[in-house]
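Colleague: Chain by chain, the residues:
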Amino acid sequence: MKEQEEIEKEYTVLTFAEYEEGLRNGKLLGLRCASCGGITCHPMPVCQWCGGRSLERMELSGEGELATFTVIRVPPEGFEDDAPYIPCLVKTKEGPCVAGRLDYDAEQATQELIGKRVRMNGSYTYKGDKYSGGAHTCPVFEVVK
Amino acid sequence: MKKLKPLAAIVGAGRTKFGELWYQNPEALLTEAGLKAMESVEYGLRRKDIQACYFGSFLYQVTNKLALIPGYMSRELGMNIPMSNTEAACGSGGSALYNACLGIRSGEYDVTLVGGFEKMTDRAGKIIDDLMFAGDPHEFDAGYTFAGLYASMMARYIHDYGDSSDGRCREALALVACKNHHHAVGNEYAQFRREFTVEEVLNSPLVADPIRMLHCSPVSDGAVALVVVSPEVAKEYTDTPIYIVGSQQATDDVSICSRESLTGIKATRLAMEKVLKETSMTMRDIHLAEVHDCFTIEEIFFLEDSGFCERGEGWKTVYDSYESFKGSKHIPYVNGNSELVVNAGGGLKADGHPVGATGVRQVYECFKQLRNEAGGNQVDKELNVALCHNIGGTGGIATVHILMREL
Ligand SMILES: [Zn+2]
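Protein sequence lines correspond, in order, to chains G and A. For the first sequence, my numbering assigns the number 11 to the initial residue and increments by one for each residue that follows. For the second sequence, my numbering assigns the number 204 to the initial residue and increments by one for each residue that follows.
Everything labelled a hint here was simulated from the structure, so no lab data went into it. Please note that a few of the clues may not be correct.
[Unchecked claim] With a straight-line Cα cutoff of 20 angstroms, these simulated SDA-like cross-link-like pairs (lysine to any residue) come out:
1) A:Lys329 <-> G:Gly88
2) G:Lys103 <-> A:Glu230
3) G:Lys101 <-> A:Asp456
4) G:Lys137 <-> A:Gly467
5) A:Lys239 <-> A:Tyr440
6) G:Lys19 <-> G:Gly36
7) A:Lys329 <-> G:Gly138
8) A:Lys206 <-> A:Asp583
9) G:Lys101 <-> A:Gly281
10) A:Lys268 <-> G:Cys43
11) A:Lys469 <-> G:Ala44
12) A:Lys329 <-> G:Ala145
13) A:Lys268 <-> A:Glu230
14) G:Lys101 <-> A:Lys469
15) A:Lys329 <-> G:Lys19
16) G:Lys101 <-> A:Arg371
17) A:Lys469 <-> G:Trp59
18) G:Lys101 <-> A:Gly467
[What the hints assert, rightly or not] If you want the footprint, here are the derived chain A segments under chain G, 3+ residues with CB under 8 angstroms:
19) 207–219
20) 353–364
21) 459–465
22) 565–578
Beta carbons are placed, not taken as given, at the ideal position from N, Cα and C, and that holds for glycine.
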């Protein structure tokens, strides 16, 4: 009988905990699909493009294009001190789109930012509260000058 | 149009008022709606006629600290029949009706009760992150709120399709709110029965740029129920059943992040394609649509996802139609030869959005309008075909139903 950890590795080549640890170390980790060559990020047990299961770890460049963003004025509990802040979606150079924070002055953020080149410059960790699933980390991006 | 074979029929409907109903618990709201639906049946309905119940709700385990709604309904309605609760976020009510239709289509049941409910206002500010259960935790961890997700889609829509030079696209996104509030004035059950001007919408506080408070549907309490039966027994209960001729559903990624488009809802498009095929209809055949306007951008997405407007053109139809028809009792959307009244009772925006109740409320509104029973809020034109469009989350699920009075 296989050890439990080994069975899980068969389905999860990159765990979410490892992905977040990567973010805290300045790396955007993902998975490359042997079937279609597509990149999956955040990690899942299957390829986000073709559903394939033959995946290997890789590191994304952290570069991409700002797909869209918003400025949060009415924050959820636990984010009050941050507001106003900018969650965003970044279409990475490698293909997948990831959610993160944009490191930018919220009062200067206008529609013209959409489509701008961005790159990962760190990470943000939400500590969690008694209602949530604990601490979690997301990538932070800056606009490339 | 060839004569359609109905798959189910609605013979009774009941609802509570929507709003802040602090004095009532959720199971009592659902019981009130259920009893009203049963008591509304023209030739009477005995409780023992009901063979199964299908409920829909999203958050009651969290917001009201209770679970197993079938057990409460068994007690309150005095029944021991099969019951289920469907959770599909804001699409819970539509999903419950979809499941009831499957129960009837399968031949297992002839008489069912369908109910949707939600009681949200007790949670005060905590409801902002409760609602993010309808998004992806990865989005929440980045600080997204539910409004923030729609704001990101709206920002991209304005960027891709808006006419930034004169601000008409932004105005159209406000006019959806003005229209739906206008429609709610005559709706005695609506949470907000008052008009708002376009200036009031555009000057309301920013929630998540570019979404302002008056682009958003409210936090609400309420319940709605329907008596849904097989077509074969419908005439035993009423001379004017409203037939369900199409019932379809589609799903997509819970997260907006990896969707193929940020400026439309794939699940809506797929469900609409299926239901129009099922009924051999086009959007031109539909007279009234109750559309999921959780944020005003979503109503414009529907116009485009359903094919009523071309991609990127929805806001122009909204703008031009409002200009042409403002002041009339119901302001229809007109595109070419097609004319469609959308959200006759005020939609989620003004009637209110007790999340799990919404999909059932849409059907309630169409049932009343098609039977010419909407009283002071009756649409002043011949209505025979109506459509209900209910989505969950930011488009992780979409359920659509087409209803007809005369087949
Ligand atoms: Zn693949």
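Colleague: Please verify whether Lys469 (chain A) and Trp59 (chain G) have alpha carbons no more than 20 angstroms apart.
Modeller: Holds, at about 16 angstroms.
Colleague: Counting residues of the region 353–364 of chain A that have a beta-carbon nearer than 8 angstroms to any beta-carbon of chain G, does the count reach 3?
Modeller: With 7 residues in contact (Cβ-Cβ under 8 angstroms with chain G), the coverage given for the region 353–364 of chain A holds.
Colleague: Does Ala44 (chain G) lie within 20 angstroms of Lys469 (chain A) when you go C-alpha to C-alpha?
Modeller: violated, 27 angstroms
Colleague: Are the Cα positions of Lys206 (chain A) and Asp583 (chain A) separated by 20 angstroms at most?
Modeller: violated, 25 angstroms
Colleague: Mind checking the alpha carbons of Lys101 (chain G) and Gly281 (chain A) for me, to see if they're no more than 20 angstroms apart?
Modeller: violated, 54 angstroms
Colleague: Sort out whether Gly467 (chain A) lies within 20 angstroms of Lys137 (chain G), counting only the CA atoms.
Modeller: Judged against 20 angstroms, a Cα distance of about 33 angstroms means the pair is violated.
Colleague: Between Lys101 (chain G) and Lys469 (chain A), is the straight-line Cα distance small enough, at 20 angstroms or below?
Modeller: Distance of about 19 angstroms is within 20 angstroms: holds.
Colleague: Report holds or violated for chain G covering the region 565–578 of chain A, Cβ cut-off 8 angstroms, minimum 3 residues.
Modeller: violated (count 0)
Colleague: Would the hint linking Lys239 (chain A) and Tyr440 (chain A) be met if the CA-CA limit is 20 angstroms?
Modeller: holds, 15 angstroms
Colleague: Examine the region 207–219 of chain A: at least three residues should have C-beta closer than 8 angstroms to a C-beta of chain G.
Modeller: Coverage by chain G is violated for the region 207–219 of chain A (0 residues, Cβ < 8 angstroms).
Colleague: Verify the proposed pairing of Lys329 (chain A) with Lys19 (chain G), using a straight-line Cα cut of 20 angstroms.
Modeller: violated, 37 angstroms
Colleague: Has the given pair, Lys101 (chain G) with Gly467 (chain A), been kept, meaning a C-alpha gap of at most 20 angstroms?
Modeller: holds, 17 angstroms
Hints 2, 4, 6, 8, 9, 10, 11, 15, 16, 19 and 22 from the list above are not met by this structure, while the remaining hints are.
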